[in-house]
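Trainee: Listed below are the residues making up each chain.
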Amino acid sequence: MKTILIPTDFTIESLNTVKGAFKRDSQEKVNLILLYAIGMSDSITDLLFFSKEKFIASQQSGKFAEAFQILQNTYDSQINSFRVELFSGYTQNAFANFLEANQVDEVFIPKDYTLKLQHKRSFNPLPFLKKCKLPKTEISWNEGPFVHEKDHVSELFLVSNHA
Amino acid sequence: MKTDKQMKIKTKIILLLSVILLSLIFLYSGFIYYASASYSFEDFYKRLEIRAITTAKIQLENRQDLNAIKEVKQEYLEKLPREEIIILPATSGDSLRKAADRLNVPLEYMQEINSRGTANLRKQNIFYSGIRYTTSGKNYLVIVSAENYYHTHHIVYLRNLLISSLVIAMVLVLVISFWFSRKIIQPLQDITIKMEDISSENLQMRLNVSSHEDELRTLASTFNGMLDRLEAAFETQKNFVSNASHELNTPLTSIIGEADVILSKPRTILEYQEAIMTILEEAEKLSKKTKALLFLAQTGYNGKVQKFDKVRIDQLILDVKETVDKIYPNNKIVLDFSFLPENPEKLKVKGNEQLLHLALSNVIMNACKYSNNNTVKVSLGASSQQIVIVVKDLGIGIPADEIKFIYDPYFRASNTNTYEGYGIGLPITRNVVNMHSGEIIVSSVLNQGVTVEIKLPIGNYSL
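Read top to bottom, the protein sequences are chains A and B. FYI, the numbering used here numbers position 46 of the first sequence as 46, with every residue one higher than the one before it. Counting from 1 along the second sequence, just add 163 to a position and that's the residue number in the numbering used here.
No lab work stands behind these hints, which were simulated from the structure alone. These figures come from a predicted structure and were not determined experimentally. Some clues are possibly wrong.
Within a straight-line C-alpha distance of at most 20 Å, the following computed EDC-like cross-link-like pairs (lysine to aspartate or glutamate) qualify [claimed, not checked]:
#: 1; chain 1: A; residue 1: Lys23; chain 2: A; residue 2: Glu138
#: 2; chain 1: A; residue 1: Lys23; chain 2: B; residue 2: Glu421
#: 3; chain 1: A; residue 1: Lys136; chain 2: A; residue 2: Glu106
#: 4; chain 1: A; residue 1: Lys29; chain 2: B; residue 2: Glu505
#: 5; chain 1: B; residue 1: Lys261; chain 2: B; residue 2: Glu275
#: 6; chain 1: A; residue 1: Lys63; chain 2: B; residue 2: Glu421
#: 7; chain 1: B; residue 1: Lys448; chain 2: B; residue 2: Glu421
#: 8; chain 1: A; residue 1: Lys23; chain 2: B; residue 2: Glu602
#: 9; chain 1: B; residue 1: Lys540; chain 2: A; residue 2: Glu106
Could you build all of it, start to finish, from the sequences and the hints given here?
Mentor: So, in structure tokens, the structure goes:
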């Protein structure tokens, strides 16, 4: 059993990394961690009443959750556990600590996809992921030229050619 | 009984409400009138009694402070209308009878004063109050009589007031019950008017379902459910006619054409054999198509109760592909089961297989037709609540401003002129999906294709 870390921006397209990761290593059971990078608020009241679960729930749309459930159902036997973690550090050391704390064994990185930063305090964790010392796998996919299914659950079904 | 049956609910409500409210008001008014009257009687008897006592004191006693009592009587006890005071020694027998005759009161009254010490009597507007007064060993009867001004004036005024307010209340009650019955009946009338508008021509119309959880909402949604089923049954038949008219025409034309050509002049045996082979092929195609279309034309009701049973969606997709293969032999349907859930329980929905077959084949056949048998990708996946079926084609698409009309029966997009069809496929699919409490989402870009996303709730069948 190993723990894998995959960055996400709560869009359906970003789930292709997850799909690619499961297509790649087929047999072993994994603990899946989705990583969302977001800076913490400076306001003390915000911090006082901050709840990770509520924040994560507020960031993801119903369609994202549904698309993810489809993936979960598809690779049911491979997923041992699944959770979303927030990373709010600004240095490579902080990220190394984060990986150690979560006992991550391998990271998967989208090759050509740039995460869409929708929240004003969210930032791109890919530079940290690319520089970390764990085994890395890059996943690429071609989103077809027709993207009118954008942000529909069907978007998940229509991407192909994992390299 | 006959009139009772003919009476409208509206009239019934008005009558019932009016009767209840009016009898309540009447009861209250009566109570108030009775209570006021008896209070005014009692009050007047007390006044008379005070006068009797003071007069008796002044007339019968001989004391120092009498002047003060006199003064009080003159100052504060005003003279009542027709006030009369009579003092007579308390005797019995004849003299009492005489006194009674003179006063024009019954003898029993005089005896009652004598025996009980005090008694009251009313003769129409004249009130009598008598006391037995004892001073220096002698008994006297003091009787004061006067006309009850308060009764004759105030109580009459109160009575008139109550009667006039009763009349006003009656009008108000009628107006209120009329308004009330209208308010209650209005939604029912709305439903009736709307239902009258719906005929076989516009079965896609639905009743407005209110946001409140009440009986009328249940009624409206029950009607809507019935309309869903009716519409699906109607449209299925129309769909058959529409499909049959152009799908069967093509092979028939080629059979007739082939036969015409071969019969135009004498031919060799080989030529005849070839021609008959072609005709046979076309006829087989025709037979397959007819069977497939007839299969689709079954409404899934079969004249019996609508049957909802477990349906495995992956099997359904394979069946549908088989049907579509018969009608469009040149199709390029790609089934993508890469998102098939590992747990087969997640593939079962509670539904009517016949109807779901029809709905899905409509979508896939449309995809084949409008993309000229280009690749059509059918994918299947399941989330924790829903099964998602995605049908994507690379066809002519739907113009963006027309996409909101695609569920209207007989609507055809402006770019479909070169394709035959009647615009009833998608409305049926939508109806069937609605019947299964599912959802259908169509997104499209003109000339790049259409993606249809059908979501059906998982039936929660265990294996």
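Trainee: Does each hint fit the structure? Answer for all of them.
Mentor: How the hints compare with the structure:
1. A:Lys23 with A:Glu138: Since the Cα atoms of Lys23 (chain A) and Glu138 (chain A) sit roughly 13 Å apart, the hinted pair holds (cutoff 20 Å).
2. A:Lys23 with B:Glu421: violated (53 Å)
3. A:Lys136 with A:Glu106: holds (6 Å)
4. A:Lys29 with B:Glu505: Holds: Lys29 (chain A) and Glu505 (chain B) sit about 14 Å apart, inside 20 Å.
5. B:Lys261 with B:Glu275: With a Cα-Cα distance of about 16 Å, the restraint between Lys261 (chain B) and Glu275 (chain B) holds, given a limit of 20 Å.
6. A:Lys63 with B:Glu421: Roughly 55 Å separates the two Cα atoms, so the pair is violated.
7. B:Lys448 with B:Glu421: holds (15 Å)
8. A:Lys23 with B:Glu602: violated (30 Å)
9. B:Lys540 with A:Glu106: violated (34 Å)
Hints 2, 6, 8 and 9, counting from the list given before, are not met by this structure.
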